[in-house]
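If you want the building blocks of each chain, they are given just below.
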Amino acid sequence: MTQGISRRGWSELPDLFKRMTGDEKHEWAATSTLPTLWTLYDRVLDVSPERVDDPDRDRFLLSKGHGPMAYYAVLAAKGFLDPSTLDNWTDFGSPLGQHPDRVLVPGVEISAGSLGHGLALGVGQVLGLRAQGRTKPRVFVLVGDGEFDEGSNHEAIALAGRLGLDRLTVVAIDNGSASHGWPGGMASRFAVEGWDTVTVDGRDQEALYHAFTEEHPGRPRAVVAMIREEGAE
Amino acid sequence: MTAADFHGKTELALMSSDVTMRETFIETVTAAMDTDPRIAVVTADISAGNFTEARSRHPERVVNVGIREQAMIGVTGGLALTGLRPVAHSYTPFLIERPFEQIKLDLGHQDVGAILVSIGASYDDPVWGRTHQAPGDVALIDTLPGWTIHVPGHQDEVRSLLTTALAGDDRVYLRLSTRRNARAYPTGAGFTPVRLGNKGVVVAVGPTLDAVLAATSTVDVTVLYTATVRPFDHAGLRDAVGSNANVVLVEPYLQGTSAHEVTTALADTPHRLLALGVGRDSEVRAYGTAEQHDAVHGLDPAGLHHSITRFVG
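Quick note, the sequences are listed as chains A and B, same order. Residue numbering for the first sequence follows the working numbering, beginning at 1 and increasing consecutively. Residue numbering for the second sequence follows the working numbering, beginning at 1 and increasing consecutively.
I should point out that these hints are in silico values taken from the structure, not numbers from a laboratory. Computed from a predicted structure; not experimentally measured. Heads up, the beta-carbon is just placed ideally off N, CA and C, and yes, glycines get one too. One thing to keep in mind: the hints can contain errors.
[Stated by the list, open to error] Sample of chain B residues at the chain A side, in silico, Cβ under 10 Å: (1) Ile73; (2) Ala80; (3) Thr82; (4) Glu101; (5) Gly129; (6) Arg130; (7) Leu274.
[Said to hold, decoys possible] Just the calculated beta-carbon pair ranges, DEER-fashion: (8) A/Gly218 to B/Pro37: 20 to 28 Å; (9) A/Gly151 to B/Ala167: 33 to 41 Å; (10) B/Gly279 to A/Glu214: 56 to 64 Å; (11) B/Gly49 to A/Asp56: 46 to 54 Å; (12) A/Gly93 to B/Lys199: 50 to 58 Å; (13) A/Arg43 to B/Gly83: 23 to 31 Å; (14) A/Asp82 to B/Gly49: 47 to 55 Å.
Chain A on its own, in the form it takes in the complex:
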């Protein structure tokens, strides 16, 4: 049932990609996020195009903002965007730019592009939902390993860990793009702040699915999705 829809949708993604022009400057970054984005929107997130304003929806925050082709393609495959919108993306007047703008695209939870903003916004969303008694919605924040250089991430990681925000999940895409690297792995930076962590193959959708759906009571979870270079397209 769901699997059929899933397979059909996944196979349509290349065509949706083709509708966007070939001047994408962050193609590698875009494709590194695709398995994660697809797994979330296809099998994990409790959200739909009809419920983009439902306060009890799950939220996905693309913190790094760069390389949004995969994001737009998934949003189009899932009905948040009319696929024809992809044809003239980044044109003046198009709602789709090289960095997403939540005001222009229903279903896009945050406007992003400058690195290191999504995690604190996600922490605030979890706190805001909790304050309103909404304990069901989950908040997912996708960060990149290069983005992780920004100190603002580490303020938010420490805070979320100490507050034990178990409705928060960070997906850290590690494709080795940080100039100075993360010795010991990105997961250790979360673990030391009390997060539940797991490191998986970033192209293994089954592993991602389990990482996104396992319970982590009393603690936020960090899923480090490793993308090895040979996977590059």
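Could you slot chain B onto chain A? The hints should help.
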């Protein structure tokens, strides 16, 4: 000295001098939280202890993030995205300057509202030095669209401005100070005429009013008062100016911050403008008192009298 010690000492110093605007802010927000479930408070250690009562009554809506100002504004944006009415608060440079990109992006670019409430003003307590001074705060916020900026001159003005702001959903910057005038004036849209004269119009912003009144007691000028500089009351200024086009702007922050607003208001009126405020030309590497710094910037009554009389002739 650790950062925590330092913040603690800042708090002590403030409590021992003049806490009235800050106390009014804390009381007003604490009371409003009881009746408005949208209101949330975000602090970064500074003043966190003053929200103990609010936290005990509304533990889920009072968040202290520690000494993490970028996270403070990011969390504020996240709270607003879920429909709450967040109030973020710290010392001026740590609220406005340090997390400025978060203010630009996590509030404005997300198209959400919030109330930012600062204490410390330009140089309320100069013994702390340049790190605790932020005369450029209003100019910085003024680079961003959609902000209302209040610079109250009395604690009673704080109460009314804040009550209105808490009921809204827009972006509001409320700049508190330990400097204040002897009495409050009505808040709301528009400048308040305090004195009428013939040789020019002096616009006194917030806590500068008493010094302006003292400086102009023997000068034949109109004095307008305002605690709200954005939006700027263009029509009120035009009405007061009439055909007498000598305008003096006295602001308790960076000199000339509102000069462009005067230019816009009087675009069709030939006019002269003298903009007074905290000097832009050099960093004042001195401690001492706020009054001594006023004198350096010509914002004390004697300095204002000298500048204004020379300008209006």
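List of violated hint numbers, smallest to largest: 5, 6, 7 and 11
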